Amino acid sequence: MSAREQREPAPLGPIIEFLRVLRTRLDGGDGLAASFGGAAMALPRDARESLDTAVRRLGGRYTEDDWGFDEEFAEAVLPFLEFMYDRWWRVHSEGVGRVPAHGRVLLVANHAGIMPWDATMMGVAVMREHPLPRPPRFLVLDWAFELPYVSVLMRKVGGVPASPFNAMRLLEQDELVAVFPEGVKGAGKSFRDRYRVQRFGRGGFVEIALRTGAPIVPVAVVGSEEIHPKIAESRLLARLTGAPYFPITPTFPLLGPLGVVPLPSRWRIEFCEPLDLSSFGPEAAADRAAVLEISDMVRGVIQRKVYENLVKRRRAFG
Amino acid sequence: MPGRRILITGIASYLGTELARILEADPDVDLVVGLDTREPRARLDRTERIDADIRDPEIARLIPPTGVDTIVHNQIVRRPGPGMSTRRAHDVNVIGSLELLAACERTTTLRTIVVRGSAGIYGAEPAAPQFVTEEMTQLYPLRTRFQRDVAEIENLFGTFARRHPAVACTMLRYQHSIGPTVNTELTQYLSLPVVPTYFGFDPRIQVIHERDALDALVAAVRNPVRGAVNVAGPGTIGLTRMVRLAGRPSLPIPSPLFGNASAIGQRLGLVDFSPDFSRLLRYGRAVDITRLREEVGFYPRHTSGGAVDDYVASRQAAAAA
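Residue numbers (my numbering), protein chains in the order written: chain S, 1 to 318; chain Z, 1001 to 1321.
Here chain S stands alone, though its shape is the one from the complex:
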C-alpha cells in the first residue's frame, strides 16, 4: 500500500555500477571516503544527491528549529503524504485560500482517528493548494511523546505536545498552528458517534486566540472518522500500554501491525472564513462567558460544515 508500489521497480544497474567502481577504487588503495566519493560519480544525479544528503545528515549537518521541526525531513516525507492525499483518501479540499498567508493563525478542526492523519492531511492541503504555502504546526496528544519513533516523527514534521504554553508561544512567533479542541474525546469516540463534534474542552483555544490576537479558521474534516472505525475499546489493554484509550477496530488488533493501516475512505476538508477576534482585545480572555460563547460558535460552524460535506461526499468508500 505504500508509495513504493506506485513507483517503477528500483533500477539496479547504477547500484551495481557503484559497487563495481567502489571495489576497484578500494583495491587501488584509496581511502574509504575517497573511494565512496569516486564511486558515487558512477551513480545517476538523483541517487548521487540523495546519497550526499544521507552522508551529510549522518555527519549531523542538518538543521532543526527550536521546536525540533526538521524542514528537510518534512520535505522528504511529503511525497508519501501526497500519495495518501491523492490516491489513498482522494482528498477534496476547499477554501485553502482563506487561510491568511502571513502572521499568526489558529486552525481549529474536528478530530478523529487514532493517529493525527487529519492534521497531516490539513498540512498537505495547505502546502499544495495555498498560493503561499507554509508548514502548519499542530498540537498532538501528549501520550504520543512517550512513544519511541512516534515522538521523533511528530516533532520532526511540526507536532508539539498539546499544551497551551506551546500554542501561545508558536502563535507569538507568527506561526500557522492547528489545534483539535475535542482532544481524546474526539479521537476516542466510537464509530456510532462519528461526525458528532464533541465538546470543545473548556474553550482554551479561544483564550489563546484572544490573548495572541490570532484569527481562528474553523476547519471541517470529513473522512477521518472511517479510517479506524472504533467498535469497542479495551480498558485492560489501555492500562497495560499506558494509552489514554485502546481502540478495537475491525482490523486492529486482529491483524496486528497491519491493523494500523488506515482504511481508504474518501475525504473532504473545508477551510471556513477566518474569524477575527482582535476587536475583543486580550482582556476578553478572562471573560468566561465570552470565551465559552465563541467556543460554542466555532464548534457550531464546524459541525454544520461537517454535515454539509458529508452530504456532498455521498459515499464513504469507493
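Note that these hints are calculated values from the structure, not bench results. All values reported here derive from a predicted model rather than from experimental measurement. Don't be surprised by glycine CBs; every beta carbon is placed ideally from N, CA and C.
Pulled a few chain S residues facing chain Z out of the computed Cβ check, cut under 10 Å:
1. LEU58
2. GLY60
3. THR63
4. ASP66
5. TRP67
6. PHE145
7. GLU146
8. VAL150
9. SER151
10. SER163
11. ARG169
Label-pair restraints from in silico Cβ distances:
12. S:ALA238 with Z:MET1084: 35 to 45 Å
13. S:THR63 with Z:LEU1251: 17 to 27 Å
14. Z:MET1084 with S:LEU237: 36 to 46 Å
Far from chain Z, some chain S residues (derived; all Cβ distances over 12 Å):
15. GLU17
16. PHE18
17. ALA74
18. ARG304
Following the hints, position chain Z against chain S.
Same frame as chain S, now just chain Z:
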C-alpha cells in the same frame, strides 16, 4: 563609594575560579573571598581563601567578619563525582546551603545572594511545554533525588529572601554546560567511545557554553534580580544531531532495557548516568530565557547548537595536536 565585597563558595570549580579571576580584575570590587576545602584551579592574585567545608557550622563564625555584601553560592553538586556517594552529594547540597544561610543570617552587611542552581529542577517530561518558564516548577512531581535537592535549596533561599527584604536573592537555573574546559556529565557522555541512546527517542537538548555560563554568573552578580532565572543558550539541538556532530557512534537501547544496561555499564565502570540524566536522554528539556535577557540583561553569545559546535571543534583541534 566603597567597592563590593564578594564571597564565592566552591571556588575550586571551573566556574568558581574563573569568576574569582574576573571579579579580582574589576576595580569596583574591593574584596574576593573563596570558600572551599580544595585549592582553586589556577593561581588567584588577590582572592582570600577560607579553608573550610561548607557543611561546617564554623562558617557562621568565619564569614560575618569578612563584611561581604554579596555571596555567590556555587557549591551545588550536580552529580556525585568519583568517590562521592549520592548521600554525601545530598549533604553538601542541602546541609551546606543550610549552614551557609545560617552564616548569611549573621552577616549584616549582606545585600545580594546569587545561587548557581540547576534547570534540573524541571526534570525531563515528555509532555512538558517546549520552553519552560520560571514559574513552571509545579507542573510535575519531583522525581529524582537531585530534583528534590534543588527544590529544597531554592526553597531555603526563597524563605531567607522573604524574611530579609533588603537582600536580593537570584536563583540561576543552569542547563548543562559544555565547552573546551568543563567536565560535566554531558561532556563525559559525548566522550564515550560508543554513546548509548534510547531506541526511537531523539529529545531536544539545551546547553550553555561554558564561557556564557561564566558571563551569566558575572552579569547576575552585577545586576541581581529577585527570584529564579533560567540560564541556557538560545534554541535547542536534537540529541541525535549532537551525537553525530561529536562523531560518536550511538547504541540505541530499547527503553525497558535502558535501566538494566546502564546499571551493568556502571558496574563495569563504563558509564555512570544519574537518573536525571537518563530521563534527559529520553525526553529532553528546554527553558525560556526571556528573564535572563530582559531582566538580568545578559545575552548568551552561543546558541545551544553553536556551543556544541565549539565544543566539537575544540576537541578535534586537541585530537589533531
